[in-house]
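Student: Spelled out, the chains give:
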Amino acid sequence: MLKVENLHASVGDKDILKGINLTVKAGEVHAIMGPNGSGKSTLASVLAGNEKFTVTEGKVEFLGKDMLSLSIEERSRMGLFLGFQYPVEIPGVTMANFMKLAVNEQRKARGLEPLSAAEYLRMMREKSAVVELDSKLTSRAVNEGFSGGEKKKNEIFQMAMLDPKLAILDETDSGLDIDALRIVATGVTRLHTPENATVVITHYQRLLDYIVPDFVHVLYKGRIIYSGDKSLALKLEKEGYDWLINDYKEE
Amino acid sequence: MTVERIVNEMVAQPAPDTLTPGSWSLVADSSRSLVVEQGVRAELLVIDAEAAVSIDINVAQGAELRMVYVSQTQSANHIKLTVAEGGRCDVTQVMTHSSEVHFNTMLDGRFATFELNGVFVLTGDDRGGVTVDVHHNMPDCTSCTIVKGVASGSAHGRFSGVVYVAPDAQRTDSKQLSRNVTLGDARIETLPQLEIYADDVKCSHGATVGQMDAEAVMYMRQRGLSLVDAKRLQLEGFVSDVVMRSAIGRIAEPLQELISEKINRL
Amino acid sequence: MSENTNNILDSLEKSDYKYGFVTDIETETIPRGLSEDVIRLISEKKGEPDWMLERRLKAYRHWLTLKHPNWAHLDIPEIDFQDVIYYAAPKPKKQLNSMDEVDPELKRTFDKLGIPLEEQMALAGVAVDAVMDSVSVKTTFRDTLAEKGIIFCSISEAIKEHPELIKKYLGSVVPYTDNFYAALNAAVFSDGSFCYIPKGVHCPMELSTYFRINAEGTGQFERTLIVADEGSYVSYLEGCTAPQRDENQLHAAVVEIVVERDADVKYSTVQNWYPGDKNGKGGIYNFVTKRGLCREGAHLSWTQVETGSAITWKYPSCVLLGDNSSGEFYSVAMTNNYQQADTGTKMIHIGKNTRSRIVSKGISAGMSQNAYRGMVKVARGADNARNYSQCDSLLIGDKCGAHTFPVINSHNPSAVLEHEATTSKISEDQLFYSRQRGLSTEDAVGMIVNGYAREVLTKLPMEFAVEAQKLLAISLEGSVG
Chain A
1 MLKVENLHAS VGDKDILKGI NLTVKAGEVH AIMGPNGSGK STLASVLAGN
51 EKFTVTEGKV EFLGKDMLSL SIEERSRMGL FLGFQYPVEI PGVTMANFMK
101 LAVNEQRKAR GLEPLSAAEY LRMMREKSAV VELDSKLTSR AVNEGFSGGE
151 KKKNEIFQMA MLDPKLAILD ETDSGLDIDA LRIVATGVTR LHTPENATVV
201 ITHYQRLLDY IVPDFVHVLY KGRIIYSGDK SLALKLEKEG YDWLINDYKE
251 E
Chain B
1 MTVERIVNEM VAQPAPDTLT PGSWSLVADS SRSLVVEQGV RAELLVIDAE
51 AAVSIDINVA QGAELRMVYV SQTQSANHIK LTVAEGGRCD VTQVMTHSSE
101 VHFNTMLDGR FATFELNGVF VLTGDDRGGV TVDVHHNMPD CTSCTIVKGV
151 ASGSAHGRFS GVVYVAPDAQ RTDSKQLSRN VTLGDARIET LPQLEIYADD
201 VKCSHGATVG QMDAEAVMYM RQRGLSLVDA KRLQLEGFVS DVVMRSAIGR
251 IAEPLQELIS EKINRL
Chain C
1 MSENTNNILD SLEKSDYKYG FVTDIETETI PRGLSEDVIR LISEKKGEPD
51 WMLERRLKAY RHWLTLKHPN WAHLDIPEID FQDVIYYAAP KPKKQLNSMD
101 EVDPELKRTF DKLGIPLEEQ MALAGVAVDA VMDSVSVKTT FRDTLAEKGI
151 IFCSISEAIK EHPELIKKYL GSVVPYTDNF YAALNAAVFS DGSFCYIPKG
201 VHCPMELSTY FRINAEGTGQ FERTLIVADE GSYVSYLEGC TAPQRDENQL
251 HAAVVEIVVE RDADVKYSTV QNWYPGDKNG KGGIYNFVTK RGLCREGAHL
301 SWTQVETGSA ITWKYPSCVL LGDNSSGEFY SVAMTNNYQQ ADTGTKMIHI
351 GKNTRSRIVS KGISAGMSQN AYRGMVKVAR GADNARNYSQ CDSLLIGDKC
401 GAHTFPVINS HNPSAVLEHE ATTSKISEDQ LFYSRQRGLS TEDAVGMIVN
451 GYAREVLTKL PMEFAVEAQK LLAISLEGSV G
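Chains as they are written, first to last, in our numbering: chain A, 1 to 251; chain B, 1 to 266; chain C, 1 to 481.
The hints are simulated quantities; they were obtained by calculation from the structure and are not laboratory data. Note that beta-carbon positions come from the ideal geometry of N, C-alpha and C, so glycine has one too. Heads up, some of the hints might be wrong.
Stated by the list, open to error - Dumping the calculated DSS-like pairs for lysine-lysine here, alpha-carbon to alpha-carbon at most 30 Å:
id, chain 1, residue 1, chain 2, residue 2
1, A, Lys100, C, Lys470
2, C, Lys346, B, Lys175
3, C, Lys160, C, Lys148
4, A, Lys136, C, Lys470
Said to hold, decoys possible - Derived coverage of chain A by chain C (criterion: at least 3 residues anywhere in the stretch with Cβ under 8 Å from a Cβ of chain C; other residues may be distant):
id, stretch
5, 62-74
6, 103-114
As the list claims (entries may be wrong) - Here's a subset of chain B near chain C, in silico, CB distances under 10 Å, partners left out:
id, residue
7, Val162
8, Arg187
9, Glu189
10, Leu194
11, Gly206
12, Gly210
Chain A on its own, in the form it takes in the complex (with noise of 0.2 Å):
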C-alpha cells in the first residue's frame, strides 16, 4: 500500500528527514516511536505533502503511484488520512459543514454521488457513536473551543467519516487521560480492517496495549534505526532509547 523509498526532507536548509525507508502492507499496523526531535511528525506531514518541507531525495509510492508529485488534497482523496497531533481551529466554519464538503469531495473522487442532508445527518450521528463524540460538537466550529480530549476524538471521527486506505495518527494519545485514551484507542481498532492500514506515531507504550502494532519501528536522527515487533515498544517502555541510541552512534 505504502512504499517509503530513501525518503530526505528538510525545512529551510535544515534536513529533518535522511533517508526514511518503510513498507506498510493491507491490514498491518505499524508504530513509529522515537525521542523528541526524531523527525516522526515530519515523516506524517511530509507523507501527507505539507508544503512546509521540501522533499530533496526518495521515492513514495501510495496505492501504486507516485505519491510526491500528488498535491495534499489528492492524497486525502486517494484515502490518505493525517490524525494531526495539534487540530487546527477554523473559526465560524461548523464541524457539520466542514465534514459535509469533506466527504462529498472523497466521494467525488471515488465516482460516487454526493450524500442527500438526510443520509450525511445518518453518518454523522452512526461515525460520531464510534468515540463517543458529543453530538454538539458537531455544530460547533471547529475544533473551536473544544478540549484536548475533544480535538483527538474529533479527529477520529473524521476519519470513521473519510473511511481512508491509510491513516497516520501522529502522537494521538498526547494529551489524552486514560479513559479518553480507551475511546480513542478503541476507535482506531474499530476502524481497522484486512483493508485498510495504520500508522501510529506515538511516544509512550500504552496506547500500543489497545492498538496493537504488526511492527515498531525506532526513528532516530531522520533515521529508522530500529524494526521489531510489538515486544520492542515494551522493551522500549523498560529500557529508553539509550541501548538502541548508543548502537546508533557507534556505527
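Once you have looked at the hints, place chains B and C on chain A.
Tutor: Chains B and C in isolation, oriented as in the chain A frame:
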C-alpha cells in the same frame, strides 16, 4: 516633593549626548538628541519642564534603553525613539498634570522591541493627552502599548495611538490597549488605530471606557472601608500594575506615591 | 509567502465581474454638467411641486460653498462634477397597466439580475421597487401593502402624493448641510424609494429595492426615506449592481431612516457595484450617507455586505436620541484588486440607557485597501450608555492593507465602552488541515472566508444571506490549488 524623591531614588547623573552604561536623568527644558550606543544598557529618567521640546533618542543595535517619563507640569513634548536591530526600548510614562506627550517610535531594525506602560490621572479642569505612535518598519519586531487613564471633575483626557505596519514588515507582533475610567463630568476620548500593510502579522488593539466596579466598591464598604477609601483603593489598583512594571524598578514606589497623591485629590 | 498563496492571489485577480452586461434600452438623458438650470430641468421632468424645486436649489447653493472631503483613507482621483450626467431615465413609452407592457429588454435585465419581478415574487414574498438608473420602473405588491396602510413607492411619487410626509421627514435625519455628497444628492437626486409603516403595523414581507446603474456616464443619486411610525416593524433590503464600463461612475446616495418610539427597523444591503477591472480601471465610486434616528425605545439594525465598487465611502449610522433606544451595525467588506473601501459606522448615544453593538469584518485581497472607520460618541446626558465594538481584519496576500480607525468619545462617566480589534490571515495550517481532509485550496479559502464572516451573514434575511455567500465565493472563484 514626590518628584524630588523620584530623582533622589534614581541616583543619576545629567544625561550626556551619548549614554554609556548606567543611570541618567534629564530635565526636558530644551530639545536634545541622545544616542544609546551598540550593546549599551542605560536607564534614563525624564522629567518635563514647562516647555514644548523634542527629544530624539537613537537606540543602536542590540542596545537597551529603560526610560521613565514623568509629566508634572504644563508641557507638550515630542519624544522620538528610533530602535535599531535587536534593540529594546522600555518606557514607563506617568502624567499627573495638564500636559501633552507624544511618543513616536520607529522600529527600524529586525527584532527590535518597544514596550510602553503609561498612566494619566487628571482632575479638576486638567487637559491631558498621550499619543503613542509605533511604526513597524522592519520584519520581526514586537511592540506593546498599554495606557490607562483616569479623569475626574471636568477634566478631559485623550489617548491616541497608531500602530503602523509597513509593507513587508512580516511577523510583526503588536498589541495596543487603552483602558479608561471616568468620574463626575470628565471626558475621555480614545483613538486606538491600526494601519497594516503586511499580511503575516499578529496585531490587536482594544479600548475600554468605563466606570469603577460598583460591586467591588460595595464589597469593600461591607468590610468597613469608607466610600472614599474604597474608590481610592480601586483606582490605585487600576493603575498600579503600570508603575509596578516600571522600566526602572527602584523608582516604582515613589512613582506610585506620585499617583496616589493625585488620586487622593480626586 | 508560499507558492500556493501566490496562486490563489493570481486567480483571485482573474475572477471577473458577473453582472457586467449592458442593457440596450433607449434612455432619455440630459446634457452633462450641473447648474441651476439643470436642477430646474430635473425637477420639471419629474413634474415636481415648487417647494421641492426650492429645496433642491437651496441644497445646490450650499453645495457650491463646499470642498470635496479628503479625510478618508482613500485615494480618490479628482472628480469633474461637470462631466456627469445627472439624469437618465428609460424613455417613457406610455402608461403601463400590467407587467406585460414593461419593455421586454428591461424585463430581461431584471431576469439577469435575478430579480423575481413577476409572480415568483408572490412565492418569494418580496416586494421590489426596482430603480434602474434613476426612475422607479415598477413597484410591486403595493396593493397588499396598502391594505395595512403601508406606503411603498418611489420617492417621486411620494413627493406628489404624500407631500405632508415628505415635508416632515425628508432631510430630517440627513440635512443637505450634512456633508458634500449629502448636499449634492439633495440638489440632484433623481429617484429612490419611500416607505412608511404606520403605527403598530408589522410589515408582513421584506421590502426590497434593487439599484442598478445602466447608462454610460450617469451618476446615480438616489434618495431613500424610511419612516417607521410608533411601534411598527419593517425589514428592508437593498441590492446594487452596475454594468462593466471603463469609465468610473459616480453613486452618491442618501438613505434616511426615522425610527419612531418603540419601532424596529432592520436595513440590509448587499452592495455589488462594478469594482473596476483587475488593473483598477473603471468601477463605481460609491459615496453614500446613511443614517437613522431612533426615538425612545426604538431599535435600528444595519447589516451590510460590501463586495463591489472601486471606491466605497460609507458609514451607516445611528443617532440614539431617545432613552432606551439601541443600534446595531454588522458589516462584511471585501476588497480585491485595486478596490478601496473606507467604511464603518457612527453610534451617537444621546438618550439614557442606550445600547449599541458593532461587528465589522474586513477582508482584503490583491492590492486593495480596506479601512474600518468608526465613532462611538456618548453625550453628557447619556447615562448608562453601552457599546461593544469588534473589528476584525483578514488579509489575503501581502500586497493589500487593512486599517482600523475607531474613535471613542465619552462625556458621561457611567458609560461603558469596549472596542476590540484583531488582524489575521488565513493560516497555512488551516489550509493544510482542510486540504488534508480533501478540500481544494479554493474551497478551503472560500469556506474559511465565509466562516470568518459568518457572524454578520447570519444577520441577513435568508435570501440575502445565500446571495452574499455566493458573492464572497465569486470573488474567490477561479482559485487553483
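Student: Just pull the numbers of the violated hints for me, sorted ascending.
Tutor: none
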